[in-house]
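Protein chains in written order, with my numbering: chain A, 163 to 553; chain B, 163 to 553.
Do not take every clue at face value.
Where chains are identical, the list cannot tell them apart; a pair therefore holds if satisfied intra-copy or between any two copies.
Unchecked claim - No farther apart than 20 Å at their CA atoms in a straight line, the calculated lysine to aspartate or glutamate pairs in the EDC-like style are these:
#1 LYS539 to GLU336
#2 LYS378 to GLU261
#3 LYS451 to GLU368
#4 LYS378 to ASP258
#5 LYS164 to ASP196
#6 LYS266 to GLU180
#7 LYS319 to GLU206
I should point out that these hints are in silico values taken from the structure, not numbers from a laboratory.
Model, not experiment: these values are computed from the prediction.
Number of protein chains: 2
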Amino acid sequence: MKARKLLMIPGPIEFEPEVLQAMAIPTTSHVAPDFIEVFGHSLELMRTVWKSPKGQPFIIAGTGTLAMDMAAANLIESGDNVLVISSGYFGQRFKDILERYGAKVTLLQAALGQSVSIDSIENELKTKQYKALTLTHVDTSTGIIVDPKPIAQLAKKYKVLSIVDGVCSIAGEELNQDEWGLDVVLTASQKAIGVPPGLALLMASEKAMEVWKNRKTPVPNYYADWGNWLPVMKAYEERKPSYFGTPAVNLIVALETSLKIICKEGIEKRVQRHQSLAKAFRAAITSLKLTILATSNTIAANTLTAVYYPEGIDGAAFSAKMVANNVIIAGGLLPDIKTTYFRVGHMGSVSPNDLLAVLGALERTLSELGYPLEIGKSLQTFQTELLKGSN
Amino acid sequence: MKARKLLMIPGPIEFEPEVLQAMAIPTTSHVAPDFIEVFGHSLELMRTVWKSPKGQPFIIAGTGTLAMDMAAANLIESGDNVLVISSGYFGQRFKDILERYGAKVTLLQAALGQSVSIDSIENELKTKQYKALTLTHVDTSTGIIVDPKPIAQLAKKYKVLSIVDGVCSIAGEELNQDEWGLDVVLTASQKAIGVPPGLALLMASEKAMEVWKNRKTPVPNYYADWGNWLPVMKAYEERKPSYFGTPAVNLIVALETSLKIICKEGIEKRVQRHQSLAKAFRAAITSLKLTILATSNTIAANTLTAVYYPEGIDGAAFSAKMVANNVIIAGGLLPDIKTTYFRVGHMGSVSPNDLLAVLGALERTLSELGYPLEIGKSLQTFQTELLKGSN
């Protein structure tokens with residue numbers, strides 16, 4: 163039997179062979195004309211994927227947390243009020259980061275399996291002048307999606323900067339930064355962007371850059387300071403050599419490769435593919451009488467699905483059997499209930515065949531563990547739903 | 163003719179084929195047992211290369227500047243006195259970083275082509291209680307090396323933390339962190355460590371960790387905070403799964419590959435190879451009547467050499483002809499004189515044949531530009547010196 167196991171966690175994901183090949187190119191100088199072209203083009207392609215011709219893109223070596231840190235360190239000054247809208251683990255992460263820079267944070271935490279209502283956000287925005295709000299577009303810990311569009315409208319109404327943690331959404335979920343009026347949209351390379359981990363990606367609106375320029379105090383974090391990186395990003399986009407810190411050459415060549423693949427598919431088509439695959443996958447999971455963490459389809463993400471273990475099934479035994487069945491899925495991440503659920507990533511280059519493999523392994527695993535199920539039912543449901551979607 | 167050009171800049175360098183292949187592995191989960199072993203082993207191998215069994219290693223996605231930022235943000239509190247010992251551009255970089263965290267910095271800047279004398283360092287340490295001193299082991303902008311050992315002794319005598327920017331030295335120059343008593347030794351992946359850019363590497367002594375633990379104020383930089391990463395590094399070294407930010411999986415697999423190559427060669431042998439190649443290269447450069455930026459051999463680095471253009475030779479024309487001769491070298495980096503010199507990196511997997519290629523291209527380039535020289539002289543000198551060294 164093939165030893166190769168399918169990596170179906172919510173990042174890192176399965177990457178395209180061309181992207182992995184790009185990782186192995188003989189590294190060029192960071193100021194070589196070929197590389198300047200690759201870096202400049204990657205910045206331009208980010209504008210296409212983010213739908214932000216007016217934004218300022220940043221590509222920096224680091225993790226998704228660095229991207230969050232950049233947003234907070236550059237835009238927040240001590241004493242600023244910030245509203246954090248959370249539907250999982252990563253709202254708390256943003257709160258921790260913001261507080262490090264002196265923000266007074268109000269955390270609106272959704273109940274488990276739910277998202278924060280628009281009304282409660284508006285009610286909170288009425289109570290005082292906020293400098294910014296943050297939202298987790300898709301929370302990787304819960305698989306819950308939040309629609310940034312109405313929240314961006316509220317942000318505009320109450321003159322608040324809107325910051326989107328798009329780590330688990332960008333290039334997989336619908337987003338239109340300029341039209342919706344989002345001020346910062348950030349992500350990491352290893353999720354739906356489809357590049358091995360190591361790059362923080364961020365797009366800042368003209369308003370965000372203006373707020374940064376008009377700071378009263380210096381940015382309290384040196385590495386994350388846009389002042390260091392802005393001239394470099396501008397130079398590369400103008401195809402000129404520049405230096406601040408050595409860019410992660412191979413990762414950026416891989417990034418251009420993946421962004422080209424994304425733009426060739428077309429961002430609308432790509433989002434639709436994520437939506438139809440996720441919908442069919444949720445139907446298949448439900449057909450097995452398993453419970454999805456997101457309590458309604460309207461707030462279920464299209465990039466991953468979090469599912470409770472059925473009663474009596476032990477997580478460790480489950481994961482081990484899934485691996486034996488050649489599929490790697492992720493455990494839970496929410497501290498209080500992490501042993502009670504698992505997560506399947508379905509983003510980036512994910513195909514129907516990948517999800518059939520997951521469902522096949524899942525049926526065999528559950529059956530081996532004594533869970534009663536109709537063999538083949540989830541596969542049939544998946545196929546049926548997928549064909550429905552495409553008709 | 164072969165199109166492939168030899169990359170002889172002071173980082174990124176020519177990487178070993180096995181390291182580049184490791185970059186392209188299908189990415190695994192960051193908590194997969196195989197990857198936990200790779201990460202844990204890389205941390206252990208760092209201890210061998212740094213000669214620091216007692217140190218605490220950190221491997222974080224970012225550039226060398228992030229490693230400097232980590233040292234400053236974790237160890238310095240507002241108002242601390244810090245002495246920066248500089249023999250080029252990167253002392254100023256450290257000053258900028260340290261001041262961002264409120265340090266009162268005294269910069270001891272060496273005259274061009276020289277290093278700061280031990281006496282002047284001791285005189286300065288007598289004037290007030292410093293919290294820390296920083297030194298650039300090899301300054302990438304000038305090719306000047308500073309011996310950390312006597313400075314570490316002074317640091318001990320005056321109860322000052324010693325921080326070494328080893329970005330252009332670690333795994334190429336002699337260093338013995340524990341025996342010499344250095345508190346922080348940091349580097350980046352793309353230099354003598356031999357891994358494509360994207361990883362910041364840092365080793366902190368027990369004393370440094372103690373100083374960090376006893377801070378009176380929180381670390382003012384979230385991403386760089388050791389508090390976030392320490393449990394993760396400890397867990398990986400104990401071969402346990404852990405999570406804070408997704409590690410740069412492929413880069414870390416490449417790092418383990420390169421650290422294994424380094425340890426197989428043996429760190430003493432590797433340093434000797436750098437020393438003998440650099441010595442022969444400097445002799446060859448001098449035989450062409452070119453002037454090296456470092457004013458004496460005792461302060462000339464073994465990882466790169468900075469050389470003034472001969473009078474009448476234009477840097478842009480020179481670089482273009484070198485590229486046409488299939489060798490990529492770097493221009494100057496010191497702002498005031500950057501157009502007057504070039505830099506050749508010779509670190510990592512560098513071989514005698516690489517440096518013969520550089521000298522061959524250099525002779526042809528200079529000859530084509532009308533510089534009078536005895537053709538073959540530098541090659542002959544290089545060979546002769548190299549054989550002398552090995553006898």
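Tested hints:
Within a single copy, LYS539 and GLU336 get their C-alpha atoms no closer than 30 Å, and across copies no closer than 65 Å, so neither meets the 20 Å cut-off. Proximity of LYS378 and GLU261 under a CA criterion of 20 Å is satisfied in both settings, with 18 Å inside one chain copy and 17 Å between copies. In this assembly of identical chains, the alpha carbons of LYS451 and GLU368 never lie at most 20 Å apart, being 48 Å within a copy and 54 Å across copies at closest. In the homo-oligomer, the alpha carbons of LYS378 and ASP258 lie at most 20 Å apart only across protomers (19 Å), although the nearest pairing inside one protomer, at 22 Å, exceeds that limit.
Proximity of LYS164 to ASP196 under the C-alpha cut-off of 20 Å is restricted to the inter-copy arrangement: shortest distance 17 Å between copies versus 38 Å within a copy. Neither within a single protomer nor between protomers do LYS266 and GLU180 lie at most 20 Å apart by alpha-carbon distance, with minima of 45 Å and 49 Å respectively. For a Cα distance limit of 20 Å, the shortest separation of LYS319 from GLU206 qualifies neither inside one copy, at 30 Å, nor across copies, at 54 Å.
Violation of the numbered hints given earlier is confined to hints 1, 3, 6, 7; the remaining hints are satisfied by the structure.
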